[in-house]
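Chemist: For reference, the chains in residue letters:
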Amino acid sequence: MSAPILSLRGVETRIGRYHILHGVEFDVPEGGLTMLLGRNGAGKTTTLRTIMGLWRASAGEIRFAGRDITRMSTPEIAMLGIAYVPESMAIFADLTVRENLVLAARQGPPERKRLEWIFARFSALERFWHLPAGHLSGGQKQMLAVARAIVEPRRLLLVDEPTKGLAPAIVANMIEAFRELKDGATSLLVVEQNFAFARRLGNGVAVMDDGRVAHTGDMAQFAADDALQQHLLGLGMDAHQ
Amino acid sequence: MKRDFIPLLLVPGIIIAALPLVGSSESWATLTLAGLAMGLMIFVMASGLTLTFGLMDVLNFGHGAFIAIGAFVTASVMAGLAPWLKADSLWLNLAAIGPAMLAAMAVSGGLGLAFERAIVRPVYGQHLKQILVTTGGLIVAEQLIKVVWGPDQITLARPTALRGAFLLGEIAIEKYRIFAVVIGLAVFAALSVTLNRTRIGLLIRAGVENGEMVEALGYRIRRLFVGVFAVGSALAGLGGAMWGIYQETVTATIGAQVAVLVFIVIIIGGLGSVGGCFIGALLVGLTANYVGFLAPKVALGSNILLMAIILLWRPQGLYPVARR
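Here the protein sequences line up with chains E and H, keeping their order.
So the first sequence is numbered by our numbering: it starts at 1 and just counts up by one.
So the second sequence is numbered by our numbering: it starts at 1001 and just counts up by one.
Bound conformation, chain H alone:
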């Protein structure tokens, strides 16, 4: 069976190419881990968005709202469980951070359902209106966050067990980044198993490719889309929780800020492709960290440049879905 392995080689390629440029192997290892952790957090936020676009051609510029809500809900739950977070027990820390992340997913997923019903559904098939109303939805959500949580940024302290770093020789490995990598890989594995080993996954993959034919086979693609939209929103909430803890502060615009990276990732990966989204997210995370270290002045534009290079090479993204 022919598989396209070239995009897969980009990640190890960029990691190896960065070693001589960075010079110090300790700095290189630290930057690589930071890049992978950042990439996996972006992947968690972006995976749902790429599927919703693939399934129904919906351009949801309000995706950042679910990220922001996830971060704020996490902040509230963690504030309520502060004694467990400050405890010296890993298990108590996890007993606090786990419910916080689950609550973030539940609230963002529920908000996603309402968002789809009230804002997205009336504008199916109308891209310009989708951009306008979902952007409006994001602005409203940001204002509602300010009403509920106040206009100031909120500090989000990491659990005791996830603060600091391990030392492997001269290499510092930040504990929270390991945690983010584990969660990100677990989400990727769960999505891969669902998409490739279950009937619902088969339907999603087929629907991304040709929704009309899936309907002609007797399946209700809109119901499927609503489910994927809710799960995608929940994952955005989880990503927002991880990102908020990573930044240690949350603001109402946290979602809008990171949404730029999310869009770059899904465009690089190929709209509708979860595998492409995964590779794209790792490339974006690694590039941001390496360039931030090597040439801080161009760091802001590095991901746009990466996207431009990849689109010049593959105009439909790394793994274009067959229909597109």
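So that you can see chain E by itself, here it is in the shape it has in the complex:
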């Protein structure tokens, strides 16, 4: 396993009176695709938001590419090369598809070659290039949210439930896109509820339960261990279809 690009040690997060994360610890290897799994309310989204600096860790340490980012502001963290796709997608509905992507490209106008690569996987974005993003369907909005995160090369991609409500054909395109990103220079940490998707995509896994990481390891081994899945995720065999 290569050296971690992201590492969390003893991360605690409190939101108001609620103590959500209780000492979260796991690594995302450089060039790896780690799936963050867990039941609803396990703390997966909070973990991503804490890494991104959107909620502040009250204890512990988060290191990215060897740098301590625990106390950095969200823009500083993003400027280090971390992109975030939230579960809500958070596309800018009043801006056109083009404007959403132009804004996400910090180095200047998006490169034509990169756009063509995105359009080859998410063709609807090219078709609706000048349409306000609020007029897109749910699946198209998800495509835009992912495209916004990858419009320029990033070192680490944090993606929260990318397949939620998507048609199978779009899910296949998304898997292809994530795999190609991984084969490039991008590492990924993906939160996912759909285990069939997760096992096809990930090569590493971290499973959360009640604000802690209950298991980390290789995805192939985890996918082969039905008892462990049942114990940690409450999955039956139908989840493997």
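The hints are simulated quantities; they were obtained by calculation from the structure and are not laboratory data.
Mixed in with the good hints, there may be bad ones.
Between beta-carbon pairs, the in silico distance windows are [to be verified]: (1) Ala1106/H x Glu180/E: 51 to 57 Å; (2) Glu116/E x Asp1004/H: 30 to 36 Å; (3) Asp1057/H x Glu12/E: 23 to 29 Å; (4) Ala1186/H x Arg212/E: 56 to 62 Å.
Here a beta-carbon is modelled for each residue, glycine too, at the ideal position from N, C-alpha and C.
Position chain H against the provided structure of chain E, taking the given hints into account.
Modeler: Relative to the frame of chain E, chain H by itself:
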């Protein structure tokens, strides 16, 4: 592309509907121009406030302070350039009124920066405290105006070239109202171009919709907000200058008085929407003038009634920003 044109039709709709009610076409034309001029002056004052609310959820009840400061600075500069204002040359008049308005914008913008740093920044995200401290800031600013300029109202004479009216047949068109319309439309055009054709405008529009996501893309929304706050304060200063010259007198409470209309306008338009603010301002200006002519006794409440009707129809305002 689907666009919501219905609110745009309200302005011509209200103008056409007023014609049979007013009766005389000359009075109707005069009232319409007066309403448009008043609306555009309110728009200039309100445009910055709607953006600052949209970007950072900041309820700035002290916005009237920038309006008042703008009016007083204009009065001082114009007093110093009185000979040019009294001259029969349009160019000399403009050479006096131009620097006066620029000075109003500069002082109000600078005050806005200090106001944001000292009063607004400590209470980000706390609406009740924002209302209390910004209202306190307004009261302090009014008292400081009395200390600097004295407690009495100041007369602000219009430049010679902007006094009186043109006559188009039987229709009297006040020159200053034409001037106010031109300035108001120029500000609207400049804001529209900035918001729709520049990267900074793109950031502002995105930030109004979802500031957290703009930060996650690597942009510092607070810096953007400080810039917008300063520009909004400068525009309030310009609006205060225009309003002061329009009223021909300025008092320390001029900002607080007009701030009521400013808040009505941004609520009608949809908090955070410059386009909605523009339509809302024109509706408020036209309604105030038509109702003031037709039923003077209800004129004071006419804009509240207008706001209530629009909110019953569209509870988030005419052009709600997507997030809200």
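Chemist: Take the hints in turn and mark each one as holding or not.
Modeler: Checked hints:
no.	hint	result
1	Ala1106/H x Glu180/E: 51 to 57 Å	holds, 53 Å
2	Glu116/E x Asp1004/H: 30 to 36 Å	holds, 33 Å
3	Asp1057/H x Glu12/E: 23 to 29 Å	holds, 28 Å
4	Ala1186/H x Arg212/E: 56 to 62 Å	holds, 60 Å
In this structure, every one of the numbered hints holds.
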